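On the provided structure of chain A, position chain B with the ligands as indicated by the hints.
Protein chains: 2
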Amino acid sequence: MSTRDFNEHSITDAVVERFADTPDPRLKQIMQALVRHAHAFVREVDMSQDEWIKAIGFLTRTGHITDDKRQEFILLSDTLGISMLVDAINHRMPEGATETTVLGPFYVQNPPLKPADADISGGEHGVPLYVTATIAAPDGMPLAGAHVDVWQSDEDGFYDVQKPGDDPNLRARFTADQNGKVSFWTIVPKFYPIPADGPVGDMLKATDRHPYRPAHIHFMIDHEGYETLVTHLFIEGDPYLDSDAVFGVKQSLIVSLEDGAGAPPAAANKPSGTIWKRLDHNFGLKPAL
Amino acid sequence: MSTRDFNEHSITDAVVERFADTPDPRLKQIMQALVRHAHAFVREVDMSQDEWIKAIGFLTRTGHITDDKRQEFILLSDTLGISMLVDAINHRMPEGATETTVLGPFYVQNPPLKPADADISGGEHGVPLYVTATIAAPDGMPLAGAHVDVWQSDEDGFYDVQKPGDDPNLRARFTADQNGKVSFWTIVPKFYPIPADGPVGDMLKATDRHPYRPAHIHFMIDHEGYETLVTHLFIEGDPYLDSDAVFGVKQSLIVSLEDGAGAPPAAANKPSGTIWKRLDHNFGLKPAL
Ligand SMILES: [Cu+2]
Ligand SMILES: [Fe+3]
Ligand SMILES: [Fe+3]
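Chains as they are written, first to last, in the numbering used here: chain A, 1 to 289; chain B, 1 to 289.
Chain copies aren't distinguished; within one or between two, either way the pair holds.
Below, a list of computed lysine to any residue pairs in the SDA-like style, where the Cα atoms sit at most 20 Å apart:
#: 1; residue 1: 54; residue 2: 64
#: 2; residue 1: 28; residue 2: 40
#: 3; residue 1: 205; residue 2: 34
#: 4; residue 1: 28; residue 2: 45
#: 5; residue 1: 205; residue 2: 33
#: 6; residue 1: 205; residue 2: 17
In case anyone wonders, no lab produced these hints; they're calculated from the structure. As the structure is a prediction and not an experimental result, all values here were calculated from the model.
One chain only, chain A, in its complex shape (with noise of 0.2 Å):
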């Protein structure tokens, strides 16, 4: 094939030659895949000039949106489904592994660390949630001293930083116990929208999908030797676990919340007949290679 004529039918073949001197084989494998698949999708689709335009100017106005506190990007890849796949092709989990999940753009590096059975919700409304939780590994050895960041959104579905104030709420790091254990107090978190007012929001409107991500609790937890697990922990009844916007639910991250018996436990702050939940989960941790 000639390199100075190229028609809707060579022109790939000539695209994907071109990166054929790419020292790193890795990116050169990755620079003509993208190259194969991008065009397969605009020939597939048949693209006018049009539509061409339009999504330059949709990633045109992705970009400019997107800053320091705000990713569009990631946004954008969160509910193409992108993401998730991304995070399933990394995280193939042996058995007794706590399966993985989408990070979410709202976590802060070095939470405050606080001590077992502290209540993080610094007063917030809603109702008292009493969280047990055992690091192990996937054969059942208590992983002591294993690092447990948590957070998550408010009654209303907000996260602290998307509020005004610098007080961190709603977060913390604790560390897991001899047993591998931690426990804290907080509330039960509520479904809440991702940001709908850009480029990502016009499009999941214009293609009928809500916002919605279901109520969710994020750990993210450490320890030496092991592979760092991102996951989160949903919870059963939300009207949102069959459509989560970003598609972050995996069946065996869902929990249901007991309801809580008797006085709530080691909790200065709680009187007694104070209705309250539950959750006790075992967390699997993989063992890095």
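Structure of chain B with the ligands alone, referenced to chain A:
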């Protein structure tokens, strides 16, 4: 398939299904095809989390360098051959109609209207070139009154808009006469690099690709009842004809410059004895549907 249990195999169908209620059937088709090809790409290369983060960073930088004067997403589309593919799909040309190529980033709306035989070089250094062209229907009927916009780089490979000063230079609009003919003086253009100081330039460098486009003159030709023709004429002998950075070359658009014989025609500013070239070309316009 449960929509609350995504894994690397089921997630693509789940995301495609999520677009099922898109009211506009064309948008639905495009989004579903986009998801399938994007997922197939990620799966084929077995994308790592780290590579995904790099891709997000690349798109973010591409968005941030894009402004009113610079469109890095178009440059990306151009260098991946996507622009030319879209062009080819949308301009399947009948016999007798000139082939199209990319518009490029240097077109300026409403260039200065010039009379026949005007010199558009504005005194730029270079080998004088006398261009004559006829504009016709595919059957040869001359298209009197056609607007012919021309623009090109100078002898150093720069367009006027890339240089200080506001005067339009090496760009003009001509009106075809009763025989569908236009003629003008210019200079022989030079190959030039696309802007290579941004993310797209980084990509070209990392893949051992050069940023050059072979020397060309841009034409945009317009006549009622016909599709607007956006094309170039490339100069035979250019060293980059076989490796245009944006894949814009078509064999039918490569022309030879002839040596000018005798005194330069209709050129008040060319002393006799001037060495000059000539280019004669016939353009065919495709009837509008
Ligand atoms: Cu594909
Ligand atoms: Fe969240
Ligand atoms: Fe050009």
